[in-house]
Amino acid sequence: MGDAPAPAPPAPAIEVSGLRKVFRGRPAVDGISFSVSRGRFFGFLGPNGAGKSTTIKMLTGLLRPTAGQVRIEGLDLEADLLAIKRLIGILPEELPLYERLTGEEYLQFTGRMYGLGREETRGRTDELLEFLSLTEDRRKLIVDYSQGMRKKTALAAALIHNPRVLFLDEPLNGIDPVSGRVVTDLLRRLAGKGVTLFFTSHVLDVVERLCEEVAIIDRGRIVAQGTLDQIRTQREVGRDATLEDVFLKLVAADVRREDLSWIA
Amino acid sequence: MDRLIALVALRWKLELRAMRWAPERLVGLLIALPMLLLMSAFAAAAVFFGVRSLAASDPEVLLPLASLGATVVGLFWLLSPLLTGVALSETHDVTRLLHFPVPARTLVASSLLANLIQPAVLAKMPVVLGVAVGASASAAAWPAAFAGVALSFAFILAADQVATLVLHGLFRNRRARDIGLFVGLALGFVLSLLPLLFFAAGLPRLGALRRLLVERDVFVLSPFAWGVRAAIHAGRGESVAFAAYAAAATAALALTMGVAAVLVRRIHRGEVDLGGPSAGVEAPPARMVLPGAIGALLEKDLRVAWRDPALKATALMGMAGPLLFLFFVFQARGPQGFGRGLLLVAAFVGASSFGGNALGLERRGIALLLSLPVERWRVLAAKNAGALILRLPGLLVLAAGALVASPAFLPAALTAALCAAMLAAGVDNYFSILFPVSVPEPGKSLASGGRRGFGAAVLGAFLFTGALALASPFVFLAWVPVLLGRPALWLVSLPLALAGAAAVYAMLVAGAAGLLERREPEVLERMLASAGDA
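These protein sequence lines are chains A and B, in that order.
According to numbering that gives the first Met the number 0, the stretch in the first sequence is residues 0 to 263, in order.
According to numbering that gives the first Met the number 0, the stretch in the second sequence is residues 0 to 533, in order.
Do not rely on the hints blindly, as some may be mistaken.
Said to hold, decoys possible - With a Cα cut of at most 20 angstroms, we get these calculated SDA-like pairs of lysine to any residue:
(1) K311(B) to M38(B)
(2) K139(A) to I178(B)
(3) K139(A) to L74(A)
(4) K139(A) to R302(B)
(5) K311(B) to P290(B)
(6) K139(A) to A149(B)
(7) K139(A) to P283(B)
(8) K311(B) to A384(B)
(9) K311(B) to E126(A)
(10) K311(B) to K123(B)
(11) K123(B) to L32(B)
(12) K139(A) to E126(A)
(13) K248(A) to E212(A)
(14) K123(B) to R171(B)
(15) K311(B) to G187(B)
(16) K123(B) to V71(B)
(17) K139(A) to N172(B)
(18) K139(A) to W305(B)
(19) K139(A) to V303(B)
(20) K12(B) to V71(B)
(21) K139(A) to R173(B)
(22) K139(A) to F145(B)
(23) K311(B) to F145(B)
(24) K311(B) to E207(A)
(25) K311(B) to V142(A)
(26) K123(B) to L96(B)
(27) K139(A) to R171(B)
(28) K311(B) to A282(B)
(29) K139(A) to R306(B)
(30) K123(B) to L254(B)
(31) K139(A) to A282(B)
(32) K248(A) to E207(A)
(33) K123(B) to M38(B)
Keep in mind that the hints were calculated from the coordinates and are not lab data.
With the hints as constraints, model all of the structure from the sequences given.
If you want it as structure tokens, here you go:
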């Protein structure tokens, strides 16, 4: 009785090799390579200015890499940009929403842009607004929304076409704990349904709770990648070390800790 | 004093840094400087000779007229951000400095002092000198006369500061800001038409105005005028009157700065809430009625434009150009030759679509637009259609002019305008993609949206000529029946012109879409960088 051949591992949802971006002679992202399997909740961490947002912009086709290759769901980013845009959803850190549309109009517009029919767009809009507690404010202009409401509107727009890969740049920045819980619950449910999530955040305990795998980028280079256990083993930190401990060990080794002389 | 010097130095440093980081601004300033100096010298000479000849020939008019002039200049300076959307001098945002332990009066004084080095302010100095020297009978009176005019000018800057602070306070409410911007820009548009009405009514009105000015001298009550009146009295050697007006002008200046200091303190600490919180008025239920991606994009653009006060006002102001053109054509050619002139005006009205920068109107939204999986030709077609619809007021003026003066030319004029508009918009797409730049936010200065630089200006001129060349065969088709004296030919020539222009337009958009696909990340990067300046 011969062994049945092992099933081929699923192709990665995101494949990055040698990705590099140089601004005015300075590398913001310096030849990074990694892959994210389908349906994974992937955390992409790093201190300010490490290259996280630049990487997300390159992965979503909003910034041209200086060098390197990106494949999303098996499609080449340079050759199939429009097809990739149909598959992905993006929640950028800065929210370029059309402020003179209402939240409801904005979602309907986005649905139409992704090729959804009128009825389908309307139905999904209603559901998203309800789920994200925006129903009451659906007819207010986005310019009058709070930061949390804008974030939820942008998230709704990123989800309306049921993307297979979702890029989230600091989705929890600037929102209150209640909205934060709504967003994290939603992300968990999406991950449970097989959506690949590429997630950056400074809130490390949230990343630790949500993400199955993380990569840590510092000064444009990936300094660690894997599950938290794998990184603990690689970096020889204790088994009870938190993600924050690991992160600080990796990227903050040269933080100055001397006292300021004039402070009593 | 240390803090005052530090604050003024900070402002100057920021201005210089802004130029260092955006060399095109420096280049723009260097290019504009000779023109600015020339215009300033011309204005100074005109004011000098005007004041000098009036002082000799009609001395009783000088004081009232100078008072009127100072008041008009002062009011326009104050209201320029509202009337034109562009501030003549940009008052420093002192709210960022309020957390420092610095008295509000020091902040206000530093802002006023720092304003003095702005190019627009420096350019007025020769004019100030021109008035002072023109009003002086002898060289001995120059210093006092100059001090008087300078007092008026300083009062204008101080009053501008107060106006800006009031507007800041008022515009904390989004709806108040929208209404203020729209009403201001619309008012500015109406005021810009006043010279036209004045010339149309004829010069005899000048006599009546002179009588009103001299007999009533109402502008003696205007604090803008007190410094200038002091200067004129100094020039005449009337020292008591000079001292009285100079004292009044100084008091007005001090009072205005005091008001500014109080406003700074109170508005920004919420003690005086001019606008109140934004109520967030609800819009009707969302209904996107137009079909397809082009329809949705077009509808989005039109809704945004309707709710954006600056865009709405700009659309309204689009009537000014055609109105002026039609007025001058009618004056020059009379009713008989109006029809032929109308076709030319129509072609220019259409060609003015060039420079519309449809992509730039997206501002930061460009990141969103380019993240959408929509074919780029659809994006461009929708943006162009939106831009053309926003030009409808201008086309309506053209149509009204044609209907009133020469109804037979109406279809030909509209066809010529449409053909030229389509092709100019198509060519402008290339310009927008090759030199992407964001349109300034509503109410921000034109310089704040980023600039394209000198090379772009040269290529822009070249492309505009190209757009005119592309449009000319189709405009000519609309004209042929006039040349041949056979209007019936319009039944053939007009559809032919429209179809031909549409075909060329389609080719232009297809090419521009390919270019956009190739340059998308660069377009995005440059557009966002310029939107960040805004």
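Hints numbered earlier in the text: which of these fail when held up against the supplied structure? 1, 3, 5, 6, 9, 10, 14, 20, 22, 23, 24, 26, 30
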